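Listed below are the residues making up each chain.
2 protein chains.
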Amino acid sequence: MYYFGVDIGGTNISAGIIDGKYKMTDKACTPTIQGRSHKDILEDAAKLCLSLAEKNEIPLDKINSVGIGLPGLVDTKKGKLIYANNLSFDHIDIIKEFKKFIDKPIYIENDANCAAIGEMMCGAAHGNKNVIYITLGTGVGAGIILNGKVFRGAFGGGGEAGHMVIMAEGELCTCGRKGCWEAYASATALRREGRIAAAKYPNSEIYRLVDGNIKLIDAKTVFDAADLNDEVAMEIIDTYSKHLAIGIVNLVNIFQPETVVIGGGICAQGDRVIEPVNNILKEKVYGGVLKTKLAVATLGNDAGIVGAALLFKNFD
Amino acid sequence: MYYFGVDIGGTNISAGIIDGKYKMTDKACTPTIQGRSHKDILEDAAKLCLSLAEKNEIPLDKINSVGIGLPGLVDTKKGKLIYANNLSFDHIDIIKEFKKFIDKPIYIENDANCAAIGEMMCGAAHGNKNVIYITLGTGVGAGIILNGKVFRGAFGGGGEAGHMVIMAEGELCTCGRKGCWEAYASATALRREGRIAAAKYPNSEIYRLVDGNIKLIDAKTVFDAADLNDEVAMEIIDTYSKHLAIGIVNLVNIFQPETVVIGGGICAQGDRVIEPVNNILKEKVYGGVLKTKLAVATLGNDAGIVGAALLFKNFD
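One line per chain: the protein sequences are B and C, in this order. Under my numbering, the first residue of the first sequence is numbered 1, with each subsequent residue one higher. Under my numbering, the first residue of the second sequence is numbered 1001, with each subsequent residue one higher.
Where hints are given, some of them may not hold.
[What the hints assert, rightly or not] Straight-line distance between alpha carbons at most 30 Å, and here's what the computed DSBU-like set of lysine-lysine pairs gives:
#1 C:1129 <-> B:149
#2 C:1055 <-> B:80
#3 C:1282 <-> C:1313
[Unchecked claim] Label-pair restraints from in silico Cβ distances:
#4 C:1083 <-> B:50: 55 to 63 Å
#5 B:293 <-> C:1033: 36 to 44 Å
#6 C:1025 <-> B:314: 41 to 49 Å
#7 C:1201 <-> B:149: 34 to 42 Å
#8 B:37 <-> C:1283: 32 to 40 Å
#9 C:1279 <-> B:300: 49 to 57 Å
#10 C:1239 <-> B:176: 52 to 60 Å
[As the list claims (entries may be wrong)] The following residues of chain B were derived to be distant from chain C, with all beta-carbon distances above 10 Å:
#11 39
#12 56
#13 128
#14 151
#15 160
#16 172
#17 213
#18 242
#19 276
Calculated from the structure, these hints are not laboratory results. Being a predicted model, the structure only gives us computed values, none of them experimental. Just so it is clear, CB atoms sit at the ideal spot from N, CA and C, and this is done for glycine as well.
Looking at chain B on its own, in the form it has when it is part of the complex (with noise of 0.2 Å):
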């Protein structure tokens, strides 16, 4: 058998086929374009099966199911998108929609979480059933597995360990409070910190490189000026890497989880990252034993359509 994983984001709508043994064997995209209806964006994210299908000779009746993660709060028994900040639609029977375009069993689920059961099942944290997912982007999301199930809190609206304050009275949040992690560690505060530094040093190579243009500036400009050994980039890298790893302390000192999934943009980074974060984490875990793994997402930005695809399993 095989099955449809699809990953509709505020920029792409992604989807693919995973065969019996759990390997992506293709995929494909196309843009969300942000206004649109949730009966174009289905549809598209329909179409996009099909031809998937189609192209790889796989007769439907060997599609087992379609699962799709969404970016926000879903109702997974319901089959409902109950709101996403980066959709013009909520409140919307996502099951049922989608089922008007490929008749299968359809699942949903938070992208954040689709990731983790994808980085779970296939990726980083395989073999594990304690995981946490962390995607650092605009935002900093999380997906929390426990003993195999995803975790959702009481009310089906928790884990949103990005808005955890790391720092009392600090940086403004997009959430309205101060000092959230997410205002740390997502890629909008190393951007928001590289632009902050390119205008205080005028000859850091962070302004060198947009040519003094900052709102050019993006986290991978950080980067690639510490790649140039720019000494205000290497030290914003540090800081933010200090923040980063106060969060996952954080989250391991609460969760202990078997393994830790770094996912999103930043992960491009791997050890540059990766490295620092868990060295801080080794000294500073409470009780002074790491047991925790901490590694970057294998699957990339596939995590997401995998895990979705997976979804028939139920992971609730």
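Since the structure of chain B is already known, use the hints to place chain C on it.
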């Protein structure tokens, strides 16, 4: 049937009898006296139980079991105390050793977890299955119950919510990290701030209440001074409440439990601490809709005894 519950602390050994309706019918207490052997301490605990049975004319064949709460890391399955910084012994097979005195089924558990179980079964979180119990005393301890089971992470040492940094590079914590919640929300933290303020403001009521003998200041002194409208004390309590709230909001964002129960010495202050914290929680919780209830422990210091007595019900 009846059930013995024992709470072994760094200061006192307490024991109680619980009836078939899980109501504590009698209790007794004796000093721990630090530095004594596990045999002496367990013997004292057993004597307390046996004298309670005798006094209440309950024959031993009406006693179902004994549950023991311990101030440290326990292996509930092996029945062993792994480590407790307030006791002078560790790696002791508590079940085997206690059976020498009372030959009944014996269960052991960490004391904060016992208190969480007590409050969930018979106290402020009665009827809930997802509860976080926070004890504010010398340190900040947590008992986390998810879906009716004690949560301890993949390796048995999780749940250390007190050692979640809320102030990067902040006050040094006993665990070696800087800025842990414990360093801001424990009674010890309140005492520290009271002493610092008294030294700085000799005209304050905090200073006057101890006749300038600053070492006599404890958490209660600060509350007493605030009762006398001491502005210095009121500001300390205000800041304390804010820091306490930060950790609670963090935990609610992550766990979204049904109830957070506040226990320990500080909770004697009741609404004066709970109300400002609850106001912050309502305002700052992620998503803006607070579904978690915040409550003061209703069993007070008995929560640990009651929870220990109920261990036979298996919360593992």
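Status of each hint after checking the structure:
| no. | hint | verdict |
| --- | --- | --- |
| 1 | C:1129 <-> B:149 | 17 Å, holds |
| 2 | C:1055 <-> B:80 | 60 Å, violated |
| 3 | C:1282 <-> C:1313 | 34 Å, violated |
| 4 | C:1083 <-> B:50: 55 to 63 Å | 58 Å, holds |
| 5 | B:293 <-> C:1033: 36 to 44 Å | 42 Å, holds |
| 6 | C:1025 <-> B:314: 41 to 49 Å | 45 Å, holds |
| 7 | C:1201 <-> B:149: 34 to 42 Å | 53 Å, violated |
| 8 | B:37 <-> C:1283: 32 to 40 Å | 34 Å, holds |
| 9 | C:1279 <-> B:300: 49 to 57 Å | 43 Å, violated |
| 10 | C:1239 <-> B:176: 52 to 60 Å | 20 Å, violated |
| 11 | 39 | 27 Å, holds |
| 12 | 56 | 38 Å, holds |
| 13 | 128 | 8 Å, violated |
| 14 | 151 | 8 Å, violated |
| 15 | 160 | 4 Å, violated |
| 16 | 172 | 12 Å, holds |
| 17 | 213 | 31 Å, holds |
| 18 | 242 | 7 Å, violated |
| 19 | 276 | 15 Å, holds |
In this structure, the earlier hints numbered 2, 3, 7, 9, 10, 13, 14, 15 and 18 are contradicted, and the remaining ones agree with it.
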